[in-house]
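Participant: One-letter residues, chain by chain:
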Amino acid sequence: MHAGIIQNGRLNAFIFLLVFSVAILWFIRRVTSGEKLYVRPLPGLNAIDEAVGRATEMGRVVLFIPGTGDLDNIQTIAGLSILGRVAHLTARYQTPLRVPVLYPMPMAAAQETVRQAYLDEGQSDRVHPETVQYIAGDSFSYSARIGGMMVREKPAAAIYMGQFAAESLLMAEMGQVAGAIQIAGTAEPEQMPFFIAACDYTLLGEELYAADAYLSGRPSLLGSLRGQDIVKLLIVIVVIAGALSVSLGIGHDFWENILSAK
Amino acid sequence: MIVGFFLRGKQVEAVYNEGLLWQSIITGFSLVMGVVSIVRVHWRKLTARNDGAWYSAVLLLCFVVMAGFGVLQGTGRGTRYDAIFNSIQAPMMSTMFSMLAFFIASAAYRAFRARTVPSLILLVTAVIVMLGRIPMGQFISDDLPTWVNWIMTVPNVAVQRGILIGAALGGASMSLRIFVGIERTYLGQ
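So the sequences go chain by chain: A and B. Using our numbering, you'd call the opening residue of the first sequence number 1 and step up by one each time. Using our numbering, you'd call the opening residue of the second sequence number 1 and step up by one each time.
You may find that some hints are simply not true.
Said to hold, decoys possible - Just the calculated beta-carbon pair ranges, DEER-fashion: (1) V246(A) <-> V124(B): 28 to 34 Å; (2) V159(B) <-> D138(A): 29 to 35 Å; (3) V32(B) <-> T32(A): 39 to 45 Å; (4) V19(A) <-> P91(B): 50 to 56 Å; (5) W150(B) <-> R126(A): 51 to 57 Å; (6) E256(A) <-> L60(B): 40 to 46 Å; (7) R184(B) <-> R30(A): 30 to 36 Å; (8) I25(B) <-> R126(A): 31 to 37 Å; (9) R30(A) <-> T47(B): 55 to 61 Å; (10) D142(B) <-> V246(A): 47 to 53 Å; (11) E50(A) <-> P155(B): 30 to 36 Å.
As the list claims (entries may be wrong) - Far from chain B by the CB rule (all over 10 Å, computed), these chain A residues: (12) E35; (13) P43; (14) A109; (15) A178; (16) D212; (17) L221; (18) G242; (19) L259.
Hints were generated in silico from the structure; no laboratory data involved. Owing to the predicted nature of the structure, the values given are computational and were not obtained by experimental measurement. Note that beta-carbon positions come from the ideal geometry of N, C-alpha and C, so glycine has one too.
Given these sequences and hints, build the entire structure.
Facilitator: Encoded structure:
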């Protein structure tokens, strides 16, 4: 598809982005105006309170790992959003928190998130340099350090939220050995099976991005979940219609023109 | 970045490329923050003589040695930095990667228990795929590799695509919330 100011082959993606944005913003407006919304329970997020409580009772640390992506990765931002909620809990219950980070920019964001959470709970003096630490910028060195922390500090709760690669199973298995309750969330399809096998609770794909909306309960965030679901429904309809019509030998060129993009 | 992805024009492309360049520069300078964090944390542990203080001593020593060689002699092929990296760092990374094989086995042993119907399906499918991937599988049945190929290319790909669509929509939704300022928790607000 071709238009004057839009790049070749990207007009359909642009139109989809417009429809998607309008749907999200429309439903945000509807839910903030008072419409009630049902959100199905996510056991992994409900378990965060339980995990922090366990760490408090055992007098051990909560280890939070916001993924191995940089700050330009949306999964890292999702992880940092959840870190804010976890930091509020650890500040309230005075549970030690450790947040090892792979890149410097997420480190700065995590420090600010944790500092603000502790300030909100009136515990700003409990934030130490060890709370958020930069570990070397290599994923295997990072997972080796995490392994050392697991063995030496024996965290009671390990929460993994963000983008992960091969090191996911290394960390999760070492957490199993340390006896931590483990909650993981990632949108990487290749890593989900490892987290499902090794962790007690797992958030899959979009559940990671919905976590902040779920935990905060803010209508503006919940409305975006509804908009997302409506767009997903439209995609399902298009997929079914396209699969049926192409299987019947009708409209192959039409679907190719509509759906292909550069 | 989004405008540069969709719109034509030399000016748009120039701004897009400039943005990428600025991103690289900022990322480079942000490494300084990381270095300061590492040195501060481990120096504190070393001077306080906490448990494991000697690990911090080793780390700081290695940091000084590698940084010193890198700054004084460069990091190209044949330098001491390159030699230390290839003889110490690279084998250690390979060692960590190789542990995955053992961890996969232990995770599979724990996870593949036929407690419920879905876990039974998972166990049977995993056994079929594992047997079909090794030469011995063909001795069991000539059709095994075909079944494995079907499992990996039809239901597996279908489910992965479904997860990817959901995750992509979730990521786009979160990005939009950040753009309009609704999502600010990652800033500490």
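Participant: If a hint holds in the structure, say so; if it does not, say that too.
Facilitator: To see whether the hints hold, each was checked on the structure:
no.: 1; hint: V246(A) <-> V124(B): 28 to 34 Å; verdict: 32 Å, holds
no.: 2; hint: V159(B) <-> D138(A): 29 to 35 Å; verdict: 32 Å, holds
no.: 3; hint: V32(B) <-> T32(A): 39 to 45 Å; verdict: 42 Å, holds
no.: 4; hint: V19(A) <-> P91(B): 50 to 56 Å; verdict: 52 Å, holds
no.: 5; hint: W150(B) <-> R126(A): 51 to 57 Å; verdict: 56 Å, holds
no.: 6; hint: E256(A) <-> L60(B): 40 to 46 Å; verdict: 59 Å, violated
no.: 7; hint: R184(B) <-> R30(A): 30 to 36 Å; verdict: 21 Å, violated
no.: 8; hint: I25(B) <-> R126(A): 31 to 37 Å; verdict: 35 Å, holds
no.: 9; hint: R30(A) <-> T47(B): 55 to 61 Å; verdict: 58 Å, holds
no.: 10; hint: D142(B) <-> V246(A): 47 to 53 Å; verdict: 32 Å, violated
no.: 11; hint: E50(A) <-> P155(B): 30 to 36 Å; verdict: 33 Å, holds
no.: 12; hint: E35; verdict: 16 Å, holds
no.: 13; hint: P43; verdict: 15 Å, holds
no.: 14; hint: A109; verdict: 6 Å, violated
no.: 15; hint: A178; verdict: 14 Å, holds
no.: 16; hint: D212; verdict: 6 Å, violated
no.: 17; hint: L221; verdict: 7 Å, violated
no.: 18; hint: G242; verdict: 13 Å, holds
no.: 19; hint: L259; verdict: 13 Å, holds
Against the hints set out earlier in the document, violations occur for numbers 6, 7, 10, 14, 16 and 17.
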